[in-house]
Amino acid sequence: MDIFIQQLINGLVLGSIYALVALGYTMVYGILELINFAHGEVTMMGAMVALAVIGALMGVAPDLPGVVVVLGGVLIAVPVCMLLGFGIERLAYRPLRNAPRLAPLITAIGLSIVLQNVAMLIWGRQYIAFPPLLPKGQFEILGAHISVLQLFIVALSVTVMLGLWFTVQKTRLGRAMRATAQSREVAALMGVNVNSVIAATFIIGSALAALAGVMVSAYYGLAHYYMGFLLGLKAFSAAVLGGIGNIAGAMLGGLLLGVIEALGAGYIGDLSGGFLGSHYQDVFAFFILSLVLVFRPSGLLGERVASRA
Amino acid sequence: MPIVNYLRARPRLALVLVAVLLAALPFLVGAGLGKSWVRVLDFALLYVMLALGLNIVVGYAGLLDLGYVAFYALGAYLYAWLASPHFGLHLPFWAVLPLGALLAGVFGVLLGAPTLRLRGDYLAIVTLGFGEIIRIFMNNLNAPVNITNGPQGMNLIDPIALGGFALSKTHQIFGFSVSNAHLYYYLFLAFVLLVMFVALRLQDSRIGRAWAAIREDELAASAMGIDTRNVKLLAFAMGATFGGLAGGLFAAFQGFISPESFGLMESIMILCMIVLGGMGHIPGVILGAVLLTVLPEALRYVGDLQRAVLGHVAVDPADLRMLLFGCALILMMLYRPEGLWPSRQRKRELHAEDEVAAHESASLYDARG
Chain A
1 MDIFIQQLIN GLVLGSIYAL VALGYTMVYG ILELINFAHG EVTMMGAMVA
51 LAVIGALMGV APDLPGVVVV LGGVLIAVPV CMLLGFGIER LAYRPLRNAP
101 RLAPLITAIG LSIVLQNVAM LIWGRQYIAF PPLLPKGQFE ILGAHISVLQ
151 LFIVALSVTV MLGLWFTVQK TRLGRAMRAT AQSREVAALM GVNVNSVIAA
201 TFIIGSALAA LAGVMVSAYY GLAHYYMGFL LGLKAFSAAV LGGIGNIAGA
251 MLGGLLLGVI EALGAGYIGD LSGGFLGSHY QDVFAFFILS LVLVFRPSGL
301 LGERVASRA
Chain B
1001 MPIVNYLRAR PRLALVLVAV LLAALPFLVG AGLGKSWVRV LDFALLYVML
1051 ALGLNIVVGY AGLLDLGYVA FYALGAYLYA WLASPHFGLH LPFWAVLPLG
1101 ALLAGVFGVL LGAPTLRLRG DYLAIVTLGF GEIIRIFMNN LNAPVNITNG
1151 PQGMNLIDPI ALGGFALSKT HQIFGFSVSN AHLYYYLFLA FVLLVMFVAL
1201 RLQDSRIGRA WAAIREDELA ASAMGIDTRN VKLLAFAMGA TFGGLAGGLF
1251 AAFQGFISPE SFGLMESIMI LCMIVLGGMG HIPGVILGAV LLTVLPEALR
1301 YVGDLQRAVL GHVAVDPADL RMLLFGCALI LMMLYRPEGL WPSRQRKREL
1351 HAEDEVAAHE SASLYDARG
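Order-wise, the sequence lines are chains A and B.
Just so we're aligned, residue 1 is where the first sequence starts under this note's numbering, counting upward by one.
Just so we're aligned, residue 1001 is where the second sequence starts under this note's numbering, counting upward by one.
Certain hints may be false.
What the hints assert, rightly or not - Simulated pairs of lysine to any residue, SDA-like, Cα-Cα distance not exceeding 20 Å:
(1) A:Lys136 <-> A:Asn193
(2) A:Lys136 <-> A:Phe152
(3) B:Lys1347 <-> A:Pro100
(4) B:Lys1035 <-> B:Val1294
(5) B:Lys1035 <-> B:Leu1017
(6) A:Lys136 <-> A:Arg125
(7) B:Lys1347 <-> A:Arg101
(8) B:Lys1347 <-> A:Leu222
(9) A:Lys136 <-> A:Leu222
(10) B:Lys1347 <-> A:Ala99
(11) A:Lys170 <-> A:Ala248
(12) A:Lys136 <-> A:Gln150
Calculated from the structure, these hints are not laboratory results.
Chain A with its partners taken away, still in its complex shape (with noise of 0.2 Å):
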């Protein structure tokens, strides 16, 4: 029971974290219908530059309180990665924004190994350690054991997340984002000036992506050029789970596979009587991707639309 518990959390921190990168996924899409392979790449430069600050930050000022570093590598991660996103929207969709369906697909991929390449000519083909500035307590519940990091980035995401949709629903860059994404032609005719509208929903998406990045980073205690492919297909198979194009989906979708991977990674080993071991984690995602794509492509909570194009 304990460990089920203890799945159960580390479950929910992870899976916060996905619907934070699901978010980015599952908005672009609900506008443009377009997936943005180059979503998970933001998330990673998000954790690369948040690093590469931190370091600076320690270098320059030893003194300062981690917290206070950390923030700084947020600070400047979050504003680089909107940028990022808005470049991205810019360069590489927009024009092809009329094109057959393909090409921005084959342009996304292009993108995302134009990214992971350059930051590994910038950082390295190494793993980049989190330097452990941030505080280190532990509380337990239920005999399980809860860090403050964890609470802190399910908090956080909490937040962020009750933000976005306060945004989606009551303002009016929220509102266009919703007229733009039933309709882009009459959106237009109502005055929306849909191109801001596309350009700030990836520059929004980005910066909760540049925020995810910094969490998994510090919640593994490592950074690496190639941690946005694996996390960007998981954040992906969550926003479908939930229902791509539906926000609440998302944060769904995010934290159900956070659990549903977590469990299963805790007890594969004893269903497949050891066959399977706790490797296979990664596996689950695209599993569940599959079966939610076979019975429901709809997700949990999507509309019904049509699956033909």
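Since the structure of chain A is already known, use the hints to place chain B on it.
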């Protein structure tokens, strides 16, 4: 180009010339550039096979498959299981190669059946996930039962042998010393010609036209009575079969396979070949495959260049390879979406809008006139 026109009028002579050139190529390359380049040629042929296989899925039927390398891996692993000391089996290649192709085809159907109902971009993600799953399994299925030997991979795989004539040794033929790289070149060439023949015939067949119809407009195609699901499945299975065949040949040629050879980047590279060369156009795809196999080898000289200019190697040329591929993909899509050597029809399609636009703006001026 007077020579081209001369040959175009005499197709038989052109054919003979091409055949002679292809037959002499490994010797010319071996003498001119060194023996390692003959192996590069072998790999180029292998990639031509893979690219032609993926072209059926992506170019003909318009389905973006990002996990194509999984089928390549299945073919290679099956060959290794049935013809290496790993399980103590040593079946002959003519039994193993078709089995590998069949296994890959079956997996193509298994993967395609649930996913082909989906829209193109979902398919891309699911195939990508499938490719990763296969790789994760190959990496981890070494315990508790050692099936794949994990990350170390499997070695001592049997080479291809025709009777007592093993392709892995150097032979003396008519006084020429013919090495294994040369022998595999001819074997691969034969397979490439076979795959090319099949791909060409498929393109002009009823099925090929059905694929094109689905690629252009699936709804219209199904309205015309095409069973879109089965026809798409067939494209998937067909592409997978070629992938499996190439995988078996790769295993026999290398004598060693490991999960590392079957990563996502390999899938993307094969996709690059098609996009760069010209989707759906066989000569274009071949050009793309050859270019993308040979260019990275040529990139090695960039290291020497850096040493000469800067005095040291600032950027490892191997690291530049993928970066350049990524840029090439983006730039091609933005500026030349039809590829380097497209079919005439496709080129017209992709530039039809420009013509219409030009025509419209011209008539606008008329109206103002």
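task: Quickly compare the C-alpha distance for Lys136 (chain A) and Gln150 (chain A) to 20 Å and report which way the hint goes.
output: holds (10 Å)
task: Compare the distance between the alpha carbons of Lys136 (chain A) and Arg125 (chain A) with 20 Å, and conclude whether the hinted pair is satisfied.
output: The given pair, whose Cα atoms are some 29 Å apart, is violated under the 20 Å limit.
Satisfaction of hint between Leu222 (chain A) and Lys1347 (chain B), Cα-Cα up to 20 Å: violated (47 Å)
- prompt: Given the hint that Lys136 (chain A) pairs with Phe152 (chain A), does the C-alpha gap stay at or below 20 Å?
  reply: holds (11 Å)
message: Run the distance test for Lys1035 (chain B) versus Leu1017 (chain B): straight-line Cα separation, threshold 20 Å.
response: Distance ~24 Å between Lys1035 (chain B) and Leu1017 (chain B) Cα, so the pair is violated.
message: Against the 20 Å threshold, does the CA-CA distance of Lys1035 (chain B) and Val1294 (chain B) hold or violate the hint?
response: holds (14 Å)
query: Going straight from one Cα to the other, do Lys1347 (chain B) and Pro100 (chain A) come out at no more than 20 Å?
result: holds (14 Å)
Agreement of Lys1347 (chain B) and Ala99 (chain A) with the hint, judged by alpha carbon distance not exceeding 20 Å: holds (14 Å)
task: Quickly compare the C-alpha distance for Lys170 (chain A) and Ala248 (chain A) to 20 Å and report which way the hint goes.
output: Between Lys170 (chain A) and Ala248 (chain A) the Cα gap is close to 15 Å, so the pair holds against 20 Å.
query: Holds or violated: Lys136 (chain A) with Asn193 (chain A), Cα cutoff 20 Å?
result: This hinted pair is violated, its Cα atoms lying about 47 Å apart.
- prompt: Taking 20 Å as the top limit, are the C-alpha atoms of Lys1347 (chain B) and Arg101 (chain A) close enough?
  reply: holds (17 Å)
task: Assess, step by step, whether the Cα of Lys136 (chain A) is no farther than 20 Å from the Cα of Leu222 (chain A), and give holds or violated.
output: This hinted pair holds, its Cα atoms lying about 16 Å apart.
Comparing the model with each earlier hint shows violations of hints 1, 5, 6, 8; every other hint is respected.
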